[in-house]
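Use these hints to put chain S onto chain A, whose structure you have.
There are 2 protein chains.
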Amino acid sequence: MNFSKRITSMQESPIRKLVPYAQGAKAQGKKVYHLNIGQPDIETPDSFMESIRSFDEKVLAYSLSQGMPELIDAMINYYKKYDMDFEQDDILITNGGSEALLFSIIAVADAEDEILVPEPFYTNYNGFSSAVDVKVASITCKAEDGFHLPDKKTIEEAINPKTKAFVLSNPGNPTGVVYTAEEVQMLADLAREYNLFIIADEVYREFVYDGLGYTSFGNIKEVEDRVIIVDSVSKRYSACGARIGSIASKNKELMKQILKLCQGRLCVPTLEQIGAIELYKTPEDYFESVNKEYEKRRNIVYESLNDIPGVLCKKPTGAFYVNAKLPVDDAEKFTIWMLKEFDVDGETVMLAPSEGFYATKGLGKDEARIAYVLNENDLKKAMNILKKAIENYPNRTI
Amino acid sequence: MNFSKRITSMQESPIRKLVPYAQGAKAQGKKVYHLNIGQPDIETPDSFMESIRSFDEKVLAYSLSQGMPELIDAMINYYKKYDMDFEQDDILITNGGSEALLFSIIAVADAEDEILVPEPFYTNYNGFSSAVDVKVASITCKAEDGFHLPDKKTIEEAINPKTKAFVLSNPGNPTGVVYTAEEVQMLADLAREYNLFIIADEVYREFVYDGLGYTSFGNIKEVEDRVIIVDSVSKRYSACGARIGSIASKNKELMKQILKLCQGRLCVPTLEQIGAIELYKTPEDYFESVNKEYEKRRNIVYESLNDIPGVLCKKPTGAFYVNAKLPVDDAEKFTIWMLKEFDVDGETVMLAPSEGFYATKGLGKDEARIAYVLNENDLKKAMNILKKAIENYPNRTI
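One line per chain: the protein sequences are A and S, in this order.
Take the first sequence: its letter number 293 is residue 292 in numbering that gives the first Met the number 0, and every next letter is one higher.
Take the second sequence: its letter number 133 is residue 132 in numbering that gives the first Met the number 0, and every next letter is one higher.
The following block holds chain A by itself, in its conformation from the complex (with noise of 0.2 Å):
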């Protein structure tokens, strides 16, 4: 009575893993400051439960399987802001982002097949693969280049012909960084060039910085009836518990596939959706005071990085995340050294270490996500615990 050999060999999520060490820290009596977790600490605009307080059906039904069509609606209309346009049955609604990717993954790739991740990447992409014996091959991006791509050439030379599609995320998670439009035009022309699907993860499109420009692969004519959207309401809006998602795309084809895997699972929780609706009718000044919100934290964080010594951190423009490269031996090692033996004042920090998050073997060892969903006060606390603690870390590498 074996597992399979898919589930045996899935890695640990390694933004959760070292939770025990958490809980060990806050047993002793520690204050615990969590950078390690993408979880905003911004308030739900209250529409989502005034909407889902005012149901009143006698019986919750099944939802359909597709979504209900008064939230695509306003997913149609929400999209016309960024220049896209979709029909009804251009959009399915999902449990989560997650779902949407790993639905969007099982219908482009058999097993055996790979597809094609910038790294470092989100981690559960790797998961979902794994659960579905889709192998994850990477296009390294570094610390030095502010993970922006490489260039075209060394892309190519990562694509064979398993290589079913690109799957990333933009504004990257857990990079922080923001695509050009040279850069999503590049990557549309190779998957041109190339047959390949685009499977792009935009759950942080509002979250761009610096007052740059943001490049949606739904703006890219040419490769329309490739390119399949993720997205969520979970950091949008703030509202990750309510596990609302979509998939857009106008490969018509594609959609009619996707909706067998819908019907299989049903339906997605009818009052999320009733809330989902309202969130997205959200008015547009909500982001504005976001952004702001999150481009002072990113200031923060940023300016606190480059003032410890052997830390290296290209100012990152999107999400909420910054991936940096720290002078320790292992950030792991320190990350659980942090929780295990050291405070200031009976606080310290948690990270996520970054070597889950790449593909390649031995990278990342040296590099941590923080996630900067604290508040400005407690975020300048947290990161000077950081530096302190690296300060005083017996293992660093200056």
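Careful, some of the hints might be misleading.
Which copy is meant is left open, because identical chains are indistinguishable; a pair holds if it fits in one copy or across any two.
Simulated pairs of lysine-lysine, DSSO-like, Cα-Cα distance not exceeding 30 Å [what the hints assert, rightly or not]:
(1) 161 <-> 29
(2) 134 <-> 255
(3) 4 <-> 161
(4) 134 <-> 324
(5) 251 <-> 134
(6) 80 <-> 380
(7) 4 <-> 332
(8) 251 <-> 332
(9) 161 <-> 134
(10) 134 <-> 4
Hint data in this document are derived by calculation from the structure and do not stem from the laboratory.
Nothing here was measured: the structure is a model prediction, and the numbers come from that model.
Below, chain S alone, put in the same frame as chain A:
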């Protein structure tokens, strides 16, 4: 740019694929009695919405990947009534019974492995398996036997080295069969002899009629390490739109493996879990009244069917389905004919043709599933229409 073989080979939901014909009938002004889907009309207990309405956190945050401890506690108490004794880490909360099935199949079977399923079966067993390259092998059960299992030797012959698990629903969808204690014991014995898991879909556990006893696979001590129990609030509490399911198993190593899949999709919706906690605390007398209602309906359907010449249907004793042999050439054609060309005073009926519930080609062509999820009056009208439809169908076989 091709789609994966696994998605193109996945069959469309046989329950949902005739929906366009129903829409057509409605567009013509016909009333359609839906006997085709398992959407109960029973009211969801008020406690569900009441608890959700009182949620007042400012941020709708991620829940734990394994599910809320309070919900798991409520389920532990629920299982005690059935003499099943689970601990916190024996239960994982999932996005409906659907995700519970998908994760269980991924955990026990690799690509090209097989699961062994009594047919006719819940069609999504097939859907999920195709999506992850697992083959469905079947044990044929017959209308003449009330869809009870064949003898041990027949089942044994269907087991081969690729077989990893039995997957079955008990009480049965689409058959309404409730396996006897001897049948449950026989499968348990086979699972031990051939080193198999048992994925026991027991979402209809409460819906057993005629005062019959019920044996859960969770009651067979000697297979407790190989039993995976799938549950859901959908049918139990008429809360299909909540999408709260679960996996329960005393195999702690297995649960650790499946937890990795749960971590990959982060969590199940927070609000729906809050509602489900209250559902699992629903007093027992809820089931007494609900069961009385379903038993009455079962009797109406069973007696009406046996009043139609040429119909074969043994009395089903559980769930809320009947799978009947009809005197027609092809139940799918017959269903389409009822929707397109037949009515009694502007009213017609929709069934779920059973061919898609079989893995063996050719079986089930003259069978259909009837879900008795309508009130007494509507059900009587619908069964009367069905009788007249069979009398008038040009391709009936008697």
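Hints, one by one, checked against the model:
1. 161 <-> 29: This pair counts as neither: shortest intra-copy Cα distance 49 Å, inter-copy 51 Å.
2. 134 <-> 255: Classified as both; 25 Å inside a copy, 23 Å across copies.
3. 4 <-> 161: Intra 21 Å, inter 14 Å, cutoff 30 Å: intra and inter.
4. 134 <-> 324: Classified as within: same-chain Cα gap 27 Å, cross-chain 46 Å, threshold 30 Å.
5. 251 <-> 134: So residue 251 and residue 134 pass the 30 Å test inside a copy (26 Å) and across (28 Å) alike.
6. 80 <-> 380: neither (38 Å within a copy, 50 Å between copies)
7. 4 <-> 332: Intra 28 Å, inter 43 Å, cutoff 30 Å: intra-copy only.
8. 251 <-> 332: Between copies only: 27 Å across, 48 Å inside.
9. 161 <-> 134: both (9 Å within a copy, 23 Å between copies)
10. 134 <-> 4: both (14 Å within a copy, 16 Å between copies)
Hints 1, 6 from the list above are not met by this structure, while the remaining hints are.
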